[in-house]
Amino acid sequence: MTAQRSITFLSDYGVLDDFVGVCHGVMARIAPQARVIDVSHGVPRHDVRTAAIVLRRSLPSFAPGVHLAVVDPEVGTERRAIALRTAEEDRLLVGPDNGLLSLAAQRFGGIVEAVDVSRSVHRLEPVSATFHGRDIFAPVAAALAAGADLAGAGDPLDGDEVVRLHMPLARVETDGLVAHAIAFDGFGNVTLDVEHEELTGAGLRLGTQVTVNGQRAHYATTFTDVAAGDLLLYEDAYRTLALAVNRGSAREALGLELDAELTITPG
Amino acid sequence: MTAQRSITFLSDYGVLDDFVGVCHGVMARIAPQARVIDVSHGVPRHDVRTAAIVLRRSLPSFAPGVHLAVVDPEVGTERRAIALRTAEEDRLLVGPDNGLLSLAAQRFGGIVEAVDVSRSVHRLEPVSATFHGRDIFAPVAAALAAGADLAGAGDPLDGDEVVRLHMPLARVETDGLVAHAIAFDGFGNVTLDVEHEELTGAGLRLGTQVTVNGQRAHYATTFTDVAAGDLLLYEDAYRTLALAVNRGSAREALGLELDAELTITPG
Amino acid sequence: MTAQRSITFLSDYGVLDDFVGVCHGVMARIAPQARVIDVSHGVPRHDVRTAAIVLRRSLPSFAPGVHLAVVDPEVGTERRAIALRTAEEDRLLVGPDNGLLSLAAQRFGGIVEAVDVSRSVHRLEPVSATFHGRDIFAPVAAALAAGADLAGAGDPLDGDEVVRLHMPLARVETDGLVAHAIAFDGFGNVTLDVEHEELTGAGLRLGTQVTVNGQRAHYATTFTDVAAGDLLLYEDAYRTLALAVNRGSAREALGLELDAELTITPG
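Residue numbers (the working numbering), protein chains in the order written: chain A, 975 to 1241; chain B, 975 to 1241; chain C, 975 to 1241.
These aren't lab readings, by the way, just hints derived from the structure by calculation. No false leads were mixed into what you were given.
Looking from chain A toward chain C, a few residues come up when the C-beta cut is under 8 Å (computed):
#1 Ser980
#2 Thr982
#3 Val989
#4 Arg1009
#5 Asp1012
#6 Val1013
#7 Val1028
#8 Ser1035
#9 Phe1036
#10 Ala1037
Here are a few chain A residues that sit away from chain B, every Cβ distance over 10 Å (derived from the structure):
#11 Val1086
#12 Asp1090
#13 Asp1149
#14 Arg1179
#15 Thr1195
#16 Asp1204
All of these numbers come straight from a predicted model, not from anything done at the bench. Cβ coordinates follow ideal geometry from the N, Cα and C atoms, glycine included.
The shape of chain A in the complex, shown without the other chains:
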């Protein structure tokens, strides 16, 4: 038994159909000793950006290995299928070239090697028009987990050519922080584009009052630190800054659209 790298698998395939199971079957045939762990298959259908954020935030919890992600609204068109290696931790990311892998790649130091796997020797012929998870992505991921060489898995590709997501960028200003609403959950909680490390220079101190777009909020640890109906700024479980209203909706309270700008100042 040779050591095989583990594979993580994220998609928008859902849990009702056999798409996820079929991809598992394909991977088990090619890399029978590789452990395959499902990250989630409940990403909203075709929502590349949410999937990219989920991949970025969850990947540190998984051992370095092969990381397969398939959210692929343009399947069957000319969009590239890619595999890449990150600068840090030697992680191999596999998926469609639509920005899905870009945030995770960036988190691990960027791309040091990339290939276009659209016509990979590892793909399963005949390649269907609509199920590249089964025909291209899963077999390439499994071949890499089984020890195949990245360079041999596809045609050379410059890492700079890989599609990046256009994300707003938070910035520290003299009087505070300008951030953006990059994701909402079903409760109206708002994820901002500010991570723990970026907070230090912004002059915000835990346990103090802040102002968010002109409204008073508390920079708190948990929801129950504020009264029902009150606005709070907090670090979520992924150490990302977020906004919530205790037993309410911050999204509604602030009238936010996706990527809306938020000015956060102390006091």
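Take the given structure of chain A and dock chains B and C to it, following the hints.
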């Protein structure tokens, strides 16, 4: 560590309850080294035919092994519980004898050996009235994966006695093809009973116009080959012929019931 | 490769988000050879008691090992995080100290050793305010599966201090049985707090008529033993007594609230 065969598991148990988990637990106790892969547990409740079609189309993606399927509306009645061996690839199929296994068996050359496992030595006593997945099917599947003999897993049964699904049969006629609507998905896409191999003789050519029950359609590769609202005939990811309306419902456009006949002619 | 104990995982995290996947990732890093089996992640959100009942009834189907359960409405407050060893079968249970583990512990002879793992050496720093599944429970469970000592996983805790669920208790009386409605399913079937072993002394005989809160019922094996609309008392697949109306709702027919008392007499 002895080599154990892998097990695939398909059911209508859903993902909310502990039924699937409990069956996994039972299999892991009996065959601790066998890899178990979930095909899907989201088959519509009690829908034996859809499950049979899913099993048939997904099985080629899985390595030959033990294939457990449980969609069992008649559990607790006199219906048989069976295990069988296919002529091709030595696959072992385990499940209720209600037609669920018949399409997959047929795809792999038919049944060369079958046993009635209702009173299998591998079953877990006491057998409940309602959870044969846990008490009969999972333990029999796991025992087979661990190397138990099929003949010893139950009482001998003639393969011809195994229940078959009554499915309509597509036929090639001089002026085209007569097919049937054997499944619908939630978007109103219609799966026909015609596979890739059967298409060759029907005189239909990719990229040309066809007529389906008197309506004009395009025999295309993907949805985006036709305008929004237009009808297309295409091969789905399982190389089965299907009908769709781009951004619409083919089922509604053609007013189809299950098993409805469709006459498809060139031009 | 050292032998590692298997881990079972039950939670209310659902299947849409990446919480379950992330916990799997954490466990695979710490105990790469441990098999992890999902019991269910579809327990109703924050419903500790239903989860405790599911854990108790499903655990006998799983090999003794480490049993992780996370339904944790008080995460981030002062509630303890615990790990404990059962008297029978040497099972190790890990989860929040809110009663979730208590019914399963009781089923396996009670608690012979317990530790408070809130500040376990195995936890992942920094511990977030809201995701103790990832930061405390999964790493402690995985460390135990990999062979870590229970005593070394936390601070000593008296087993009697572990929180127990307050459950009603069925009792046998001279003229029958007084039981309680401890859970409902979506069909209106009612789980009672009476297990197979407790039924013997109650004078109820399978196949006979009984009276439940003044209404006539049949003590039957399956739903189809009674006419549509009729009330039946039966043992469910977990050998627990239950009430149902064939093609109807026993909950509505009897107007039951959770923990409602039910008097069941022969005849």
